[in-house]
Structure formats: C-alpha cells, structure tokens
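Undergrad: Okay, here's what each chain looks like letter by letter:
2 protein chains.
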Amino acid sequence: MPRKKRRPGGSGRRGEFKVPGFKASGVSCGIKKKRGARDLALIASDVDARVAGVFTRNAVKAAPVLIDMKRVRKGVSRGVVVNSGNANACTGEQGHKDALVVAGLVEKALDAPRSSMMVSSTGVIGVPLEVEKIASAMPALVGALDYEGFEDAAEAMMTTDSFAKTALSRARVGGKTVTIGGVAKGAGMICPDMATMLAFLMTDADISQAALERSLASAVELSFNRIVVDNDTSTNDTVLVFANGVSDCAEIKINTPAYKTFSILMNYVCLKLAHMIVRDGEGATRFVEINVRGAASEAAALKAARTIAESYLVKTALYGGDPNWGRIMAALGRSGVKMKQERVRISLNGVTVVKDGLDAGNEARAARALKAPEIVVRVDLSLGRFSSKVWTSDLTKDYVKINSSYRT
Amino acid sequence: MPRKKRRPGGSGRRGEFKVPGFKASGVSCGIKKKRGARDLALIASDVDARVAGVFTRNAVKAAPVLIDMKRVRKGVSRGVVVNSGNANACTGEQGHKDALVVAGLVEKALDAPRSSMMVSSTGVIGVPLEVEKIASAMPALVGALDYEGFEDAAEAMMTTDSFAKTALSRARVGGKTVTIGGVAKGAGMICPDMATMLAFLMTDADISQAALERSLASAVELSFNRIVVDNDTSTNDTVLVFANGVSDCAEIKINTPAYKTFSILMNYVCLKLAHMIVRDGEGATRFVEINVRGAASEAAALKAARTIAESYLVKTALYGGDPNWGRIMAALGRSGVKMKQERVRISLNGVTVVKDGLDAGNEARAARALKAPEIVVRVDLSLGRFSSKVWTSDLTKDYVKINSSYRT
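Chains as they are written, first to last, in numbering that gives the first Met the number 0: chain A, 0 to 407; chain B, 0 to 407.
It should be emphasised that the hints constitute simulated quantities derived from the structure, not laboratory data.
It does not matter which identical chain is meant; a pair holds if it fits inside one copy or across any two.
Dumping the calculated BS3-like pairs for lysine-lysine here, alpha-carbon to alpha-carbon at most 27 Å:
hint : residue 1 : residue 2
1    : 339       : 96
2    : 96        : 132
3    : 337       : 302
4    : 337       : 69
5    : 370       : 400
6    : 132       : 69
7    : 396       : 370
8    : 339       : 302
9    : 354       : 96
10   : 337       : 96
11   : 69        : 339
12   : 259       : 271
13   : 302       : 354
14   : 252       : 69
15   : 271       : 370
16   : 271       : 302
Remember, predicted model here, so these are calculated numbers, not experimental data.
My request is simple: use the sequences and hints to build the entire structure.
TA: Structure (structure tokens):
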C-alpha cells in the first residue's frame, strides 16, 4: 500500500547520527517481497559493550527474543543483527536453530566472540526464516558497516513503518561528552502479524551494569510502555541498550549526578522514539496525549489514562473531531480507579468540556479545537496529587482497511 | 444513517409474544429527533412482581441506574418505564430528580404503589432529560398498554439498533406452563454515547427471591457478560427480571427440578437476546464465536477467549477474511493464562490452522471457510478440561465511520 512519508523526524541528514565506537548497516537480502527493499540490519560495537534489555511480556515469544533474554544476562555484547519481513515466531525448534545460525554468521564475519551478538526479527508469524538468504547477504551487510550507517539500519528494520525512526542526544557527563542514539521500528496499527516494536539504543558511556539496567527500565516504563496503539503486545517486542564506554567518562554509577544526566538523555531518546511510533501508526491522523492528574495514586493515574487511550469509542470520536466527553467519562468509570464523578474536570486542547462532572457547555469551541492534528486530553480527578501521561493515536477507517487486507 | 433491517429475529409476528399478566407499550414523546420515532416504553405487571437486577459495573452510573439499584432491594415492582434518546447520565442532582419524577408519573397513572416502578434511560450522555415531553406523552403511553405491546416497547428502547430484540420461551414447570419473555436493546458498536445494553425479562413464574436472583445472575454471566462488542461498559447497562406468579405454578425454590427447568428457560432467553445484540453490532459483518477449551481453569478459558475477542487485530482480520492465526496466538500469549505454545491447536470453522503450536498448512482452505457470515474460532490449549465461549463481531470500516461521525 502506498503511503506518504510523514513527519520524517529522526536526527535529520545522514551523517548527523553518530555514536562513537558504533557502526551500522542495512541491506537487502530478499526476505521482503519488494525487490531491493532493505530487510537486514546490523549494529556493531567496535569493542565489547555492556548490554541490558527489556522484552515482550507476551507468553508467546519469538525465537530471537528467547535467545536475547538468555544472552543479555551475560551483560556483554557486540551488537545486534535484525531482519524484517519475518518474525521467526511460532516456528518451533527450527526457528530457534535458525536464529542461532544467523547470530553465528555475524559473529564469524566480525571475528567477534561466540554468543556475543544479539538477534532480532520482525514480520510475519509462523513462517520459517530463510536463513540462506541472510547468509548470502552477510558479506554485503558486514562490508557496508559504517559509523554513519544508522539511517540504513533503521530503514532495514521497517515493516509497514512509513519512515525510519532515529533519535540522538548528547551531554557532558563527568567532563566528557556522552552520546545516546536510538533506532526503532513501529508497533501496532500495523500490517498483519507485524505488530512489533523494536528499539536499539547505543551509547559511548562507561556505565555500571546496574545503572544501565535501571536507567533503561525506567526510561522504557515512561516511554514505550506509555504508548497505546492497538492494545496488542507482540511476540517480538524488544528494547536493547549497548554501552561501549569509548567516551572515556568515569564509570557512571547509580544515584550519582552523572547517572541523573545519563538518565535524562536516555529518557529523551526513548520518549522521542516512542512518540515517532505513535505518529507513524497505520491510518493515524491524530497524535493524542492523555494526561490524567489529581489521582489518588500514580498507578490509578496511569490506569485511567490507559483505559481512555484504549477505548475504541474515544479513539473513533477523536478521529471524527467529536468532543464527545461522555465516552471519556464512561472510560474513566470502567477503569476501576477511585473517582468522584462530581469532581471530574476534562479539557480538550485547553477547552473545558466537563466541570464538576457536568457538561461545561463549550461543545462548539471544543469541536474547533479538535481539528488540530495534535490533541491533549486532560482529565483532572481532583482527588490527589498523582498524574500520568499516555500517548495514542485515533482509530480510523484506514486502520481497519490496512489491518483487514489479506496478507500479500 | 440508513441501515438495512437484518435478521429480525425475536418472536415473530405481533401477538405471538405474550407473557401472562404483563402489558407493554411504546410511543413517541419527542426526545428522539426523528419525528414520530418511538422513544418511550412501558412494561407493566398487572400485579406486584418479584424483581431482581444486574447493573453496570461502571463507576459512572446514570441516575436511573442508581435509583433501580436501590429499588430492586425491596424485591417488589410493578414494571419499568424506559426512554431512549437520552441516557440521563452525568446530569447531576437534577438528573436524579428527573428520573424520580418520570417513575412517579407512571406510578400515579397506573395507580401503582409509590416507588414500585423501575426507570431506565439510554441515549446521549450529559444532556438534561426533557421530563415535560415524557409527562405529555404519559396518557398515550398508559393508554397503549397491551398484552401484545412488547414489540412496540422493544422498538421504543432502540437507539442505533436496526431491529427490535425480543425472545420468548415456555415450558411446563410443576404441572403449569411457565413463560419467560425478554426485550433488549443493543450495546456497543453504537452511535455516540449510546453504548448501552438494556434487557428486561418478564415471567409469570412464582419463584422465590433467592431463586430469581441466582437464576438471573447465572444467566447474565453466561450471556450478556460473554459478548464483546467494543470493550466499553456503559453508564446505563441494566438487566431486570420481573416475576409476577400468575402462572399459578408452585413457588420455584433453588436447587429443585423446577428451578433447573426455569433456569434453562432463563438462559435461553438471555443468550438469544445477547446474540441478537452481537448480530446487530454497528458495522458488523460477521458473528463470531470464540471457543477456548483445554484450559487449566474456567477463569483461564474465559480470559483467553475474551482477550482474543477484544483484539483489534483479530477482529480486523476476521473482517478481511484473513486466516491470520499469528494474531490469535499473540492474543493468547498476552492474555496471561497458563499455556504451552507447543500444545496449542486452533481451527477456524473446522479448518485446523495451528497444530502443536505450528502452522498446519491449511491457509487456502481456512480463507475459504472464513467467507461465511458465522465463524467459530476454536482454540484448544490441551492443558486441562475447562472451556469457555465468548461471542463477538468483526471490526469494520463501517464501525469506525458510524462511531466517528459527529453526533447529530
């Protein structure tokens, strides 16, 4: 299906995206049906890097996810090889062997230690991986490795994404410049079986294993775990961070000023990638922030925000530009969080539509405000001091069209 | 929006639907914008009836729901007055007063005891109820009461329903013929703010309060609580049963053969109405049964079935006739129920698509089977002896179209 390139985002021109000590490449190996489409990516650190990861909570996990979950425990890696077009999920023992073969091919070509490469796949479920195609493309993939190759790698990870997603951030940490860069592909609102979110983060920071893990977990919780596209969790969702230490900064340890700065960079990159994923949702015409405040607990604020973001009826109303606050109230009510109806206040892009739980009489103004492509739904429960944000998109006819069309 | 009348269902010709000792009527009072459209219904028992109810679990409850929840505790009622076109939800204290006034008007006109009438509303949220319109129509409403008036009443409860929903069942209980009849309006996949499910059941059985409550709760759990339309729970969902005892059967008590017969009738009527609601889902083109068996517990079977039924991706695939079993596996995996991937078997209308957790290679046959308007998705977890069924419809472009169009 033809799609226009929207909001290219990312770090801009080729060459601007660099993380010292990391190379990347993206080539075509022929798994994707479209001739010449990039479908094989490699990210490699020049030296051993610390690694941490967050993986899908889906009980049905793709073969590469199971391998990475094991390898990440060692805490050391050289990088990751990624194919798109095939998820290598529900492929049984053969799928597991295939993923190991792919990682081994890269390790051999890079002269890297055994079991040092992570492996990742995204695409159709239940189809055997064509390992021979990946093997044939290996010389080209390794040959193309470049310090400026991240745009190509990001493109090779795409399935139905309409643009490559990259984000970069730098700051002085302990007297040295530290960089974090990330590449991602979209999740959900996505073509058959491809509802996978992949993100790979690279940093030249020297950071302790504990600090790296905590910083990643915290950033993922506030970014990738706060976007709602179609409520489905993929078999392949994976976030990995590699820290190769070539910045020569002093080792970053938990609960230090350097850790705080590093975590700000990490949060920024993860949030930027997460927002790009929402913006690139199939068929989406609106980028929507659901902002719940005044909740009795942080968990309640998040649950309320998520329930609103997951409501078909709220999402179709936003698509139609209809300030239909009754649907938001109904979602709040069924979320199960503590609330007093008569205290609820709701605004849409700054226009109050509900005050003291009742119609505020601003429907015409709210309808005009909803014509914007970016919408903030603010809900104040007026019960406590906790708040939470979730990002989502609208539910459109194109979403249904794209997701109901037969896989080809 | 024009919609064709589909599957009229129900009990057939006017006059066939009769429950001894119950009259009903449906008239136009002008709340609905379409001139002459029925929007006010009355169901009245000739004598005091036992009453039991099940109500929405949404924390935001419409005024009439709060009133009925209180009145149902007395265990005695004369019937229910229902308006469509306005939900009387999020209308504050005035809404509460308005609902009491409506019930009082009917009680006076019928010379029924104070607080003996239930009251119910469905329609737009947040708009004050036009009580004066209901008051003006009261003579016509009461004057039209008729033992054969249930089709009119069912029609007057409709919002975006495309057909009136009625179901009737009779059997010999303790030497007497006992009848249960029910009228309902649809839930979900429904125009702005009208995602309400209402069902009113009438029986001439003489039945103890405890038996009536248990039989209703059990039937609702297996019918109205097993249909998934768009995952939203309305502010107004209400199921009431009235038992007036005019059949002269011996009082039905819990755990007797008569109770079992009565419960079979009750289950039948509730399930028939629930299925009609799914069939009448806005935009729906498929009636889908999700049947999970081999689960380790009944709760697990239900949770797995519900997660599949709630998946946007599964529902769009069914709309497209795509035997995309990867989406079903992914939904199973994220449902959180105990499973062993390698034991899973999935069939679509009898065609096995997954065997031992892997592709069964029947895609072409499965695609042909999915052309049918009724689809059974059968999942066998092969872990235990528990099973559960849930009914849903597909997610279509028309659903989005209907629910995104501005309220007018």
